[in-house]
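The primary structure of each chain is shown beneath.
There are 4 protein chains.
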Amino acid sequence: MVGQKYMSMLCDHPYFEISTVTGNKSVGKTYFEAVQWIDQIPLSDKYVDLEIKSTEPKSVDADFVFSTLPTDVAKKVEPAFANAGFPVISEASAYRMSDNIPLLIPEVNPDHIGLIKKQNTSGYIVTCPNCVVAGLAVVLKPLYEKLQITKVIINTMQALSGAGLLGVPSVKIIDNVIPYIKNEEEKIELESQKILGQYANGNIKNANINFSATCTRVPTLDGHMENLHFESTLEMSPSIVEKTLLDFHPVPQQLKLPTAPLDPIIIRNENDRPQPRLDRLAGSVAGMSITVGRIRQGINSKSICLTLLTHNTIRGAAGNSILTAELLYKKGFLKGN
Amino acid sequence: MVGQKYMSMLCDHPYFEISTVTGNKSVGKTYFEAVQWIDQIPLSDKYVDLEIKSTEPKSVDADFVFSTLPTDVAKKVEPAFANAGFPVISEASAYRMSDNIPLLIPEVNPDHIGLIKKQNTSGYIVTCPNCVVAGLAVVLKPLYEKLQITKVIINTMQALSGAGLLGVPSVKIIDNVIPYIKNEEEKIELESQKILGQYANGNIKNANINFSATCTRVPTLDGHMENLHFESTLEMSPSIVEKTLLDFHPVPQQLKLPTAPLDPIIIRNENDRPQPRLDRLAGSVAGMSITVGRIRQGINSKSICLTLLTHNTIRGAAGNSILTAELLYKKGFLKGN
Amino acid sequence: MVGQKYMSMLCDHPYFEISTVTGNKSVGKTYFEAVQWIDQIPLSDKYVDLEIKSTEPKSVDADFVFSTLPTDVAKKVEPAFANAGFPVISEASAYRMSDNIPLLIPEVNPDHIGLIKKQNTSGYIVTCPNCVVAGLAVVLKPLYEKLQITKVIINTMQALSGAGLLGVPSVKIIDNVIPYIKNEEEKIELESQKILGQYANGNIKNANINFSATCTRVPTLDGHMENLHFESTLEMSPSIVEKTLLDFHPVPQQLKLPTAPLDPIIIRNENDRPQPRLDRLAGSVAGMSITVGRIRQGINSKSICLTLLTHNTIRGAAGNSILTAELLYKKGFLKGN
Amino acid sequence: MVGQKYMSMLCDHPYFEISTVTGNKSVGKTYFEAVQWIDQIPLSDKYVDLEIKSTEPKSVDADFVFSTLPTDVAKKVEPAFANAGFPVISEASAYRMSDNIPLLIPEVNPDHIGLIKKQNTSGYIVTCPNCVVAGLAVVLKPLYEKLQITKVIINTMQALSGAGLLGVPSVKIIDNVIPYIKNEEEKIELESQKILGQYANGNIKNANINFSATCTRVPTLDGHMENLHFESTLEMSPSIVEKTLLDFHPVPQQLKLPTAPLDPIIIRNENDRPQPRLDRLAGSVAGMSITVGRIRQGINSKSICLTLLTHNTIRGAAGNSILTAELLYKKGFLKGN
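Protein chains in written order, with my numbering: chain W, 1 to 337; chain Z, 1 to 337; chain Y, 1 to 337; chain A, 1 to 337.
The shape of chain W in the complex, shown without the other chains (with noise of 0.2 Å):
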């Protein structure tokens, strides 16, 4: 579903293009072969043909390498691209937590980029979030930097595609929800920590926040649905959390990068809004910005309720690694075009 995703937003993209395909059991087939398309915007025509090599360093002509493998799989092979002198830019779980290894939502925190020097290889690994966390930290980030936030109560309402293509069954979903996400719950508070902690001296400092998660999985297609109840030291009014998030203007925005949205976060004002089908596609890049909404005084005049959305293989996963690429690119961490 996501290298799906990767294959029409670099299409036509103006500093980077698709030189090599990687695969497993499908090496020598072409990528329509290979691929099972159920994307809405048709494959182009560009990659029809392109040959499936197998995932080695030695197979790849690329400045740079995507990497989507499952996390197993991501354990080993990562590494020997780094070793071997390519940039990893990676979705997989493996190396998230890695001390010296970069967990980077270019709009919350770039500076961590810095941590890719305590690599010892001619290449390196940065990683991107849980498809969850790409949307909850940007929201969080100006929350927690203004308002001082300590506890963060999150329920999820996750998307089919987020399993992947063979990752829940319909005779499973229709008709129903399951409440259980495997590693979920547990990847939001530590990635989230991650994320929104203080980069000095070469080392991450954790924020200072606690969570609970409740993750479910929903018969939506995409948009990962998350509501949020937190809590801070201090007195918050819905308008000031409004206010907060509208005057969050971060690095990508301020770079102009090209798959930056113009607004990356976007408030509606509609008691029923977000949607995951009204509003997954939102952005002036379609799925890149991230929806609030039900901004609402929580448990006391401490805490505040809201609700967002984030389209998790897009803003949750292609999206946000391309991005990434782009903010290296532009700091002088990759060849392009």
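Keep in mind the hints are simulated off the structure, nothing from the lab.
Here the structure is a predicted model, which is why all the values come from computation and not from measurement.
We treat Cβ as the ideally placed atom computed from N, Cα and C, and that holds for glycine.
The reader is advised that the hints may include incorrect statements.
Quick list of in silico lysine-lysine cross-link-like pairs, DSS-like style, CA-CA up to 25 Å [to be verified]:
{"#": "1", "chain 1": "Z", "residue 1": "Lys-172", "chain 2": "W", "residue 2": "Lys-172"}
{"#": "2", "chain 1": "W", "residue 1": "Lys-53", "chain 2": "W", "residue 2": "Lys-76"}
{"#": "3", "chain 1": "A", "residue 1": "Lys-172", "chain 2": "W", "residue 2": "Lys-25"}
{"#": "4", "chain 1": "W", "residue 1": "Lys-58", "chain 2": "W", "residue 2": "Lys-46"}
{"#": "5", "chain 1": "Z", "residue 1": "Lys-256", "chain 2": "Z", "residue 2": "Lys-302"}
{"#": "6", "chain 1": "Z", "residue 1": "Lys-25", "chain 2": "Y", "residue 2": "Lys-182"}
{"#": "7", "chain 1": "Z", "residue 1": "Lys-25", "chain 2": "Y", "residue 2": "Lys-29"}
{"#": "8", "chain 1": "Z", "residue 1": "Lys-29", "chain 2": "Z", "residue 2": "Lys-146"}
{"#": "9", "chain 1": "W", "residue 1": "Lys-29", "chain 2": "A", "residue 2": "Lys-302"}
{"#": "10", "chain 1": "A", "residue 1": "Lys-25", "chain 2": "Y", "residue 2": "Lys-151"}
{"#": "11", "chain 1": "Y", "residue 1": "Lys-330", "chain 2": "Y", "residue 2": "Lys-302"}
{"#": "12", "chain 1": "Z", "residue 1": "Lys-182", "chain 2": "Y", "residue 2": "Lys-29"}
{"#": "13", "chain 1": "W", "residue 1": "Lys-302", "chain 2": "Z", "residue 2": "Lys-302"}
{"#": "14", "chain 1": "W", "residue 1": "Lys-256", "chain 2": "W", "residue 2": "Lys-331"}
{"#": "15", "chain 1": "W", "residue 1": "Lys-25", "chain 2": "A", "residue 2": "Lys-25"}
{"#": "16", "chain 1": "Z", "residue 1": "Lys-172", "chain 2": "Y", "residue 2": "Lys-58"}
{"#": "17", "chain 1": "Y", "residue 1": "Lys-151", "chain 2": "A", "residue 2": "Lys-172"}
{"#": "18", "chain 1": "A", "residue 1": "Lys-172", "chain 2": "Y", "residue 2": "Lys-172"}
{"#": "19", "chain 1": "W", "residue 1": "Lys-256", "chain 2": "W", "residue 2": "Lys-335"}
{"#": "20", "chain 1": "Z", "residue 1": "Lys-29", "chain 2": "Y", "residue 2": "Lys-172"}
Taking CB as the label site, the calculated pair distances span [claimed, not checked]:
{"#": "21", "chain 1": "W", "residue 1": "Leu-262", "chain 2": "Y", "residue 2": "Asn-24", "range": "31 to 41 Å"}
{"#": "22", "chain 1": "A", "residue 1": "Glu-145", "chain 2": "Y", "residue 2": "Pro-258", "range": "52 to 62 Å"}
{"#": "23", "chain 1": "Y", "residue 1": "Lys-182", "chain 2": "W", "residue 2": "Asn-269", "range": "45 to 55 Å"}
{"#": "24", "chain 1": "Z", "residue 1": "Phe-333", "chain 2": "W", "residue 2": "Asn-271", "range": "35 to 45 Å"}
{"#": "25", "chain 1": "Y", "residue 1": "Asn-24", "chain 2": "W", "residue 2": "Ile-240", "range": "38 to 48 Å"}
{"#": "26", "chain 1": "Y", "residue 1": "Gly-28", "chain 2": "A", "residue 2": "Ser-284", "range": "58 to 68 Å"}
{"#": "27", "chain 1": "W", "residue 1": "Asp-12", "chain 2": "Y", "residue 2": "Pro-42", "range": "16 to 26 Å"}
With the hints as your guide, set chains Z, Y and A onto chain W.
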């Protein structure tokens, strides 16, 4: 939707039988002609030819009435029936919060029946709660009494049948979630506080629990799922919460009322339960037990998360009303067979 | 649903722009207030403040009108507009079968425009067909002309948007199929015979094809799928059918009308296409091409099966009307920019 | 999916009880550990601790075996069991078309049991048809015998459970229809012709009916819907078709077999029935009756349209196999309690 559940659940009832069905535009038709039957249990032959009567006391030949009227209609019609001598068991929200009218869940607050004495009519009105509260309050009752919980953050994923036959158009909800249900969040707080409140000297003192609710509509047919995060002034472990719920043995089960399930609360230990489609019909009386799962520590040692599932048109509506009627009958407030 | 498609498709149109929107209960509101916008393409800012006018000639300042009125309303209102001098392009079924009113698909029967001369009003009415016929007749046109087909058995699986915003309640269609759509099967036969009929001397001689239609509603949002089994008096092979469809190059494509897709018919050779979600937006003008697949021998050597897919609110409604307006404009029957 | 139906349907069976369950990767586990139970009827306690055995004759202690093996496995394993003395009642397609193996629907061709004599093994194999044919052939049997139908055009809308637990990923089918099911269309023709064929002198003469089938997958959980258009050499009216179906009183109903529903075919006269969700559990044995509706004239006076609905994992699989076992038992081909 709810009316159809009454027809099925009362079809072979040991105390009661349906003598009259009333309607509005369909007066004079047979029940078969008037109804758009969509329950998977087929309409019983014994109701096919029932003639629809007008909704006024003089048309009704019965010992008591169940009311599933819309709020604004209930506001006028229910007192008319009470004045004409009928006990009225109502699911409408019109009088739920009235000082002299009990809001009943037989497992939770059977003693609130005492409020009936304060009504100066030859008949009387008792009410049943909102479909979310009908499950929620059963779970909170033992937790509030034994573990002194003080704060509840609740996120619901509610089924379509809760909105009635025409409530949610298909084009709005397929591949979607709607993060808003009108008036629902307020009702959860107010009704729970009344139901869990203490009855003494003809008055109810509201329970001292704060709530923050976020209600969403998801594309399931039946079964409201509720994710709770609750806090106490005391330390709480998942095992003490589990034990507290399992030890709950309230009045309807003690009285062996026909619609009372053997277990008011069923606990599932699999990590992906409860699920609406698999658990909504749980219980020795199908759909009357509440299924609880995923009991685990919350954001700190004084907080717990859990997920519960209630069949919204059975436990959350028709079943709770019928159980209420059974309780009233056993206590001498109603005539039956 | 269809109204919202007009707003999107006419937003940057080279010939036409929307001057007035009319309504009934919403007169005086802005379009933003009046509409329940549910299209994934957001409402354009330029329409937000349009004031809704009443549906009568004197309220309308326009060179011509599109009508998406309900049949019974259209019956009175459309002649009133025609009498007041307006050309009316209508999707209502009220006048589709009238002798002096063309039922138009620009790719199929542009010459039927001639019927307009028979209307004795200062304006005139032209109509567009049912959303199933809008795709069906485009495919049948070359087959009827070149291969002399005489019998068509059609089974449809129609999308929810075809029934309008409130047409199909979600509790009726999730995990279900409804094997009946009121009046639909009759319309398919009658409208197809008129559209495929021959225009001569101011009259239409119906096409000599018999139909048997079975129409079902399935839980898809957009995109009507139609399985055809058709017979000829001649032998037919799948390849000759494919060639006949690909060779079809009708008037709107010859005139390069702005809403005419480069290919009126797209053929997919994969064995599992067309699919509603993957193919409904096919075409150089999204949603205006009809996708055909699974062309194969039928029950004998003179019969063929195929599956076609039409976007019901674009090609089957708004798009066909706009294309009709473009044809009328090019032929001098309408004023434009 | 089908295995779970066997467990439920045999739980309190008057003739048979389950002694052994076999598996492959799960050998040694308990049934509870091995199964991903997703049936709404909960797993019976009596099976929870059954140990999974390997699929070979020496591991099985039983009077006969039901086989739901994949085709390629069945090809080897079923003859091994037959050679070891077991009667095998199989749902696999491996041997359905073999000359000396009956393909049985007890209502349709009980006399085909005679083919067993032609098998030179101490045990034997009988097979059950494809899940579409299991309903189709019951309806066609009286029509073929009494009305001499010669051509059948069939369009199916098949449920997800027909493809097994992992058969259809949710991301492929939500908001979609897939117009292709591998090998299904061929099976419908071949299997129907054999089942409806005449048995004489140890041979089957195929029925003289031509078929053209189009099979689609729709997002329903259970219940295959089939739209038929059939032709005869004779004139046929809807009423004669209805009468012919209602008069059908085959062997299992005459023998009052425990899994035979009182009515093999139920006719609904509402214009929007049968519907999968409302009718799939029809019958005095839930899910064993076939519901027929929308009987009406077809494309000419010698053709008729109708819609039928079959529960694919009950009537189309487990139920038909169990009914076959009951027939074999009554006829002395099986031992039981």
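Structure versus earlier hints, numbers of those that do not hold, lowest first:
Hint check: 5, 7, 8, 9, 10, 11, 16, 17 and 23 fail, others pass.
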